[in-house]
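**Student:** Given next are the chains, with one letter for each unit.
Number of protein chains: 2
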Amino acid sequence: MSHIGVLGAGQLGRMLALAGYPLGHRFRFFDPASDSPSSLLADHLAFDYADTSALEKFAHGLDVVTYEFENVPVETVRYLEKFAPVYPPAIALEKAQDRFVEKSFFRELGIPTPKFTINGLSHGLTDENGLNKQTLSRIHGEKRTLDEVEFPAVLKTRRMGYDGKGQAVVHSEAELISGLSHGNTDKNGQADGLILEEFVSFDRELSIIAVRNKSGDVKFYPLIENHHRDGILRLSLVTGNISSDLQKQAEGYATKVLSALNYIGVLTIEFFEKDGRLLANEMAPRVHNSGHWTIEGSATSQFENQVRAATDAPLGSTNPLGVCAMVNLIGNLPDATSILKIEGAHLHLYDKEPRAKRKLGHITFVEKDMETLQKKIDLVKEAYELF
Amino acid sequence: MSHIGVLGAGQLGRMLALAGYPLGHRFRFFDPASDSPSSLLADHLAFDYADTSALEKFAHGLDVVTYEFENVPVETVRYLEKFAPVYPPAIALEKAQDRFVEKSFFRELGIPTPKFTINGLSHGLTDENGLNKQTLSRIHGEKRTLDEVEFPAVLKTRRMGYDGKGQAVVHSEAELISGLSHGNTDKNGQADGLILEEFVSFDRELSIIAVRNKSGDVKFYPLIENHHRDGILRLSLVTGNISSDLQKQAEGYATKVLSALNYIGVLTIEFFEKDGRLLANEMAPRVHNSGHWTIEGSATSQFENQVRAATDAPLGSTNPLGVCAMVNLIGNLPDATSILKIEGAHLHLYDKEPRAKRKLGHITFVEKDMETLQKKIDLVKEAYELF
Chain F
1 MSHIGVLGAG QLGRMLALAG YPLGHRFRFF DPASDSPSSL LADHLAFDYA DTSALEKFAH
61 GLDVVTYEFE NVPVETVRYL EKFAPVYPPA IALEKAQDRF VEKSFFRELG IPTPKFTING
121 LSHGLTDENG LNKQTLSRIH GEKRTLDEVE FPAVLKTRRM GYDGKGQAVV HSEAELISGL
181 SHGNTDKNGQ ADGLILEEFV SFDRELSIIA VRNKSGDVKF YPLIENHHRD GILRLSLVTG
241 NISSDLQKQA EGYATKVLSA LNYIGVLTIE FFEKDGRLLA NEMAPRVHNS GHWTIEGSAT
301 SQFENQVRAA TDAPLGSTNP LGVCAMVNLI GNLPDATSIL KIEGAHLHLY DKEPRAKRKL
361 GHITFVEKDM ETLQKKIDLV KEAYELF
Chain R
1 MSHIGVLGAG QLGRMLALAG YPLGHRFRFF DPASDSPSSL LADHLAFDYA DTSALEKFAH
61 GLDVVTYEFE NVPVETVRYL EKFAPVYPPA IALEKAQDRF VEKSFFRELG IPTPKFTING
121 LSHGLTDENG LNKQTLSRIH GEKRTLDEVE FPAVLKTRRM GYDGKGQAVV HSEAELISGL
181 SHGNTDKNGQ ADGLILEEFV SFDRELSIIA VRNKSGDVKF YPLIENHHRD GILRLSLVTG
241 NISSDLQKQA EGYATKVLSA LNYIGVLTIE FFEKDGRLLA NEMAPRVHNS GHWTIEGSAT
301 SQFENQVRAA TDAPLGSTNP LGVCAMVNLI GNLPDATSIL KIEGAHLHLY DKEPRAKRKL
361 GHITFVEKDM ETLQKKIDLV KEAYELF
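Respectively, the protein sequence lines represent chains F and R.
First residue of the first sequence: 1, per the numbering used here; consecutive thereafter.
First residue of the second sequence: 1, per the numbering used here; consecutive thereafter.
Treat the hints as calculated values from the structure; they're not laboratory data.
Backbone N, C-alpha and C define an ideal beta-carbon position, used for all residues, glycine too.
Looking from chain R toward chain F, a few residues come up when the C-beta cut is under 7 Å (computed):
| # | residue |
| --- | --- |
| 1 | L18 |
| 2 | G24 |
| 3 | K341 |
| 4 | E343 |
Pairs of lysine to aspartate or glutamate, EDC-like flavour, derived with a Cα cap of 16 Å:
| # | chain 1 | residue 1 | chain 2 | residue 2 |
| --- | --- | --- | --- | --- |
| 5 | R | K341 | R | D378 |
| 6 | F | K341 | F | E382 |
| 7 | R | K368 | R | E296 |
| 8 | R | K341 | F | D312 |
| 9 | F | K274 | F | E225 |
| 10 | R | K248 | R | E273 |
| 11 | R | K165 | R | D230 |
| 12 | F | K341 | R | D312 |
| 13 | R | K341 | F | D217 |
| 14 | R | K256 | R | D217 |
| 15 | F | K341 | R | D217 |
| 16 | F | K214 | F | D312 |
Here are the in silico distance ranges between beta carbons for each label pair:
| # | chain 1 | residue 1 | chain 2 | residue 2 | range |
| --- | --- | --- | --- | --- | --- |
| 17 | R | N332 | F | D203 | 51 to 57 Å |
| 18 | F | T239 | R | G240 | 24 to 30 Å |
| 19 | F | D203 | R | F83 | 57 to 63 Å |
| 20 | R | G240 | F | E56 | 50 to 56 Å |
| 21 | F | E371 | R | G240 | 21 to 27 Å |
| 22 | R | E75 | F | D163 | 50 to 56 Å |
| 23 | R | S243 | F | K256 | 50 to 56 Å |
| 24 | R | N332 | F | D312 | 19 to 25 Å |
| 25 | R | D312 | F | P354 | 20 to 26 Å |
| 26 | F | P354 | R | F83 | 26 to 32 Å |
Isolated chain F (complex conformation) (with noise of 0.2 Å):
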């Protein structure tokens, strides 16, 4: 039995404690919001993360430390090491934490990206991300990299992003240029946040969920196609025709971040397809949205296996039993009744306020083919009109 301290109390934390209690361990989360969704699933310190005295007091007695979203401090991390082992590794919220830090360490593992280049080189930049030489003479300054990434093209801020927030897609230079100087700077008003992306007309947008444990044992989920609408993914699903290749692709360049951060824990790479071939869109050094499917549709769900790996226990099987189909209940839920009756509905909700563009829940469904499976999603765009 081992004492897991989670930094975040969000429903991916919920969703841990579910899952690693029937293990027989115990949870201590730490959340500056103190009603989120795992607060009445077990202690809970509610403290800024800056606060060191709370988190020493929270490291008190844990045999390891992980954490549920990305945007947690690396100072946060690092402070906790002192005290208990952190999975994952704090360089993979390095990495993960900018936007341009994490496409250029995917370009220097040799795993394609979409086109990128940021505004503001000239203020300070320098090659300390790893960027190569090459790259930084491409993107140095505003004129050129119009010159690199064609219109329309997608202006992001580099940090603090998710679900949509802090993009923009710019379709001319105008527009750009209007970007840049007004809405879309980061919080301290540096153009530097920002980074500027190649517009991808992907095919499919696909995530792969990995998870290593300490003794560099690995394991894959299948890829999982996501939809999404407003930046919020709506629906994830595993339908089995995901080829041999695709899926080799994938596992290979999440094998290399893996490795080469010497990853403990679940890691999420999203991927654009186009044409047959992955690029890497961004990564979660965490469980996802995109994997809520495994708690029903796998032998061991993705939170079970971020447990067991930051507990050294041997990694479960990832095999998906059936195609599932993940549907995100975002801003509004509808009637549960409506939901529970139809057969084979798994409904997760988080016990949050409803909030437009929340996540407030998610419903799966695992079927033993995609006719059977799309019957059962047409059913819950009749009882849920917000899908």
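Position chain R against the provided structure of chain F, taking the given hints into account.
**Tutor:** Chain R only, in chain F's frame:
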């Protein structure tokens, strides 16, 4: 979202909460023991079941109350009914808490049972329990008892027995008289508190788990094959080889009980199978150890269906997802790593201190065929010598 109160905070309550949180419900436990398996997962009031002011505090704001063991005092339930509905109904507890009342109730409903009789009828027992006059006359007096129930027979306490406690096989009149006058009297020294039952050389022990909601919808899990040692359940199997005739017998008997009690919640009935015929041995008005396989082995677990029934939601599918085995971990735990490395092993630990004969956890497998399942069971035997 409902606030659900649970009387008893053992592993069954723990698994109820783990199943109910995903549906968005909140839990509060009441159990005299303060360090019980559920106490970390939710609010927990540790007071005596007779403490009405504590019960009132417990009931405050609850939408519904349920219980996780059948020896909770009926008076406690009756008291709580003033504040919130209690499911299953108190009458189910009354029927299940006394083996004589229980078996007489089965007989009234036309459900076959092993032969049974009680001693000390002359000391005041009337037919208020619905015992018919023919039966009364047959079991009048100890001497004639022996004529009716042949040796070997099983002498049991009528109340508070579980896991083989309060039971003894008697092989002769001398052993019976000794049992009656010495060890096997009830807490008050009354032989009235004992029941003598036919020793059935059964072919199999089977249990059915049924669930009924407020609207009267009923669902059944498939009959479960149970293997005991020293009176304690060791292994439950869902083999897929139950004949439809046997399943129908069991469902018919369960339906009679559910209807007679206007039951809401999960009900378990344990049977002896002898020559293709089912004899009801006992019932439990709650989720049951023999149903733990449903967590992974069915689309909806017995725990989720208990929560659904208690909150007036539609019942979920009870279809098995494969052949299943549930191995109980009794008295002592195996090394977790040796279990978790078995592909497909679902380990459930209750966070209880090891003690002889104590249920500390269980392991479930869901497989495609019995051959694979047997291999997994054999691997558990290698890793866990107590099994």
